[in-house]
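Starting from the given sequences, assemble the full structure and let the hints guide the process.
There are 2 protein chains.
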Amino acid sequence: MRISLEEAGRRLLQAHKILITAHVHPDGDAIGASLGLMHYLRGQGKETCLFIDDDIPETFSLLPGAAAIQRPDGRDSGADLLVVLDSGIDRIGTVQACAPEAAVLNIDHHVSSEDGAGYLYLDAARAATAEIIYELLVLLHADFTLAIAMPLYTGIATDTGFFRYSNTTPYTMRAGAALIAAGVQPNIISEAMEAKPYALVKGMAAAMQTIEVTPDGRVAGLFLDQELVATLDSTEGFIDFVRVIEGVDVAVLIKCIGENICRVSMRSKGTDVSAVAMRYGGGGHVRAAGCTLPLPLAEARRTILSALAEVMGEPV
Amino acid sequence: MRISLEEAGRRLLQAHKILITAHVHPDGDAIGASLGLMHYLRGQGKETCLFIDDDIPETFSLLPGAAAIQRPDGRDSGADLLVVLDSGIDRIGTVQACAPEAAVLNIDHHVSSEDGAGYLYLDAARAATAEIIYELLVLLHADFTLAIAMPLYTGIATDTGFFRYSNTTPYTMRAGAALIAAGVQPNIISEAMEAKPYALVKGMAAAMQTIEVTPDGRVAGLFLDQELVATLDSTEGFIDFVRVIEGVDVAVLIKCIGENICRVSMRSKGTDVSAVAMRYGGGGHVRAAGCTLPLPLAEARRTILSALAEVMGEPV
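Going line by line, the protein sequences match chains V and L. Using this note's numbering, read the first sequence as starting at 1 and increasing by one per residue. Using this note's numbering, read the second sequence as starting at 1 and increasing by one per residue.
Possibly wrong hints are sitting among the right ones.
Same chains, same label: a pair holds when it works inside one copy or across any pair of copies.
Derived pair list, reagent style DSSO-like, types lysine-lysine, alpha-carbon separation capped at 30 Å [to be verified]:
#, residue 1, residue 2
1, K269, K202
2, K46, K17
3, K46, K196
4, K269, K196
5, K17, K202
For the record, the hints were derived by calculation from the structure and aren't laboratory data.
The following block contains the structure:
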C-alpha cells in the first residue's frame, strides 16, 4: 500500500522495536540512509537494529555506527516493524526471516520498488534514499546530530557522484547545505569515498595501457585480456578514463572473462548503445548498456567497434 | 579602500562603461565570475566588455558569452570602471592600459588581494569569487537567467572540486541550489569540465606506470623521466592517482624537467610536507608543497623519500 511520508513517519514513531535493512551489495546510499535513520530512531528511544545480509565495504567504516551493522543470524529479532531502505523486499537476502511478525515499511527512490506486502513510500524524483530520509527527518523536526548527518550526506553524495549527476536537484543541494551546517566535512567524506586499494590503482594503470580511440575520435575503449582481468578484483570506474576523452561519444570496456567469453560495457553521450547491446543478446539504456560475446578479445573488439560504426553512421 | 558588498553594487550600477577582467591563466572561477557579472550588467543596460590577457581554455566554450571574451588590444576602451575579479591588479597582464581613466573595483576571495589603488571587496570565507558575485546579485535582486547562472555555477563548482573540498560551506551549497533552480544542469557542466584531450589521457596512462608505494604504505609517488615529461603538456591532477591510494599520507610527483633538474610536488593528509620542501629551498603549506632539486631523477627520488621518512618518523 502506498503511503505518504507523514504516514511513514507515524508508523516509525508508533513502532516499539525496529529492524532496518537495505539491499545486498550495499552502496553508500543503502548504508547511509540506514545509519542515518538508525541514529534518529535510537535518539527517539526506539530499540533499533540494522541488519544487512552482506559485507560492509571498509570505505564506510568512518560513518558513526558502521560497526553496529549486523549480518542476519536467522533468529527472530522480535521487531514489530521492518524498514526496508533503498531496495525492494526481494533484495534484502535473509533479513526478513529475522522479523517474521513485523509489518514492512519500504522507503525507496528506485521505481523498481513495488507496492508489495507492506507499506511503501517511493519518490523517484529524489536523488537518493538518504535524501528521502533527510526529508522525513525534517518533517519530524529532528535534531540533525553529526551521527545522523554524516551517513545521510554520504548517501546523497555517493548516489549523485558528489552533486555532479543529472539527478542532482536544488533540493539535493539544500539537503547537502543543511547536513554540512550540521557538521559534515565534505572533504573528509569525499577523501574516504575516493580511497582505493593499491592493487586497484595498479590494475587501473595496467588497464589504461590498452586505451584506444577510433580514427574519427568518437569511440574510445579499454580492452582487457584474461590475464589482466584475473589480477583485478573490480573494474568499477575504469570506463570513466576513456569516457572523459574530448570528443568521445561512446566509451567501451571489453573484458575477457574466460576462454572466448567477453563482457562488453558501453556508455554514451548520445548514441543509443542499447541498440548494439541488444543485437548481441544484451540490454540496457540508451546511454548505458552491455552484452556478453562468445568470442576472443580481438574479435569481440572488432565486432563491437564495427557495430558501433554502423549505428553511429558517418562522422559529421 | 575596503568597501562593503552593497557599496560594490552601487559602484557597478553608477558606472557607464565597464571593463571586466580577471587573472592570466584563467580558471573556471576567473572566467565564470567574469561572465556571470558581464551578463548581469548587460541586462542592466550597461555597456560592458570582458578582457582577459590570455588564451581561454576550450573547456569553457560551453559557457554563454565565452566567445565575447577579448584579449586586450592596448587601446583605451573608454571604460570608467575597471572590475578586477578573482585576482589582484598585478595579475591581469596588460588590461589596465585599456582603461587608463577608470576607477578600479577589485572583488576577490583570495587573501592575497591587497587594498591597493582602488576599491576592494574581499571575502576569504567564500569558496569562489563566483560565489561572491552570486551573493552580490542576490543583494541586487537580480533575475538569474541561465546566461548568468551557468558561469557562476561553473566558477563555484571548479573552485570547490564539485563541492568536495573543505572550502565548501552551507552557503556554497545553497548558491548551487539556486543556480540549478535557474536552469543549470550539473551533469552538463561536470562532463565539460572533466573532458581531457586524448594526448593528456595517454600521458596519464604512461605516468601511472611509474607508481610506487613505500613498503610502509604511507608514501606513494609518480616519477616521470625527461622523455615522458617532454610528451606532456600538463601534469595537472596526476598526483591524485596516488593521493587516493588507501593508507597513503604523502603523495609525491617528481618530474625531470631538464638534465639534473627535478621538480617535486608533494600533497599530504597530515605530515608537514613544507618542512621537506623548505629543506631544499622550496616552500608551500603543511599539506601542499614543492621544491626543485638539481639532481637526476633516481637521486631526486631517493632524496625526497628519505627526507620524508625522516620527517614522518617510524610507522605507527
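Results of checking the hints against the structure:
no. : hint        : result
1   : K269 x K202 : both (28 Å within a copy, 21 Å between copies)
2   : K46 x K17   : within (6 Å within a copy, 65 Å between copies)
3   : K46 x K196  : neither (36 Å within a copy, 51 Å between copies)
4   : K269 x K196 : both (27 Å within a copy, 15 Å between copies)
5   : K17 x K202  : neither (46 Å within a copy, 56 Å between copies)
The structure shown violates the earlier hints numbered 3, 5.
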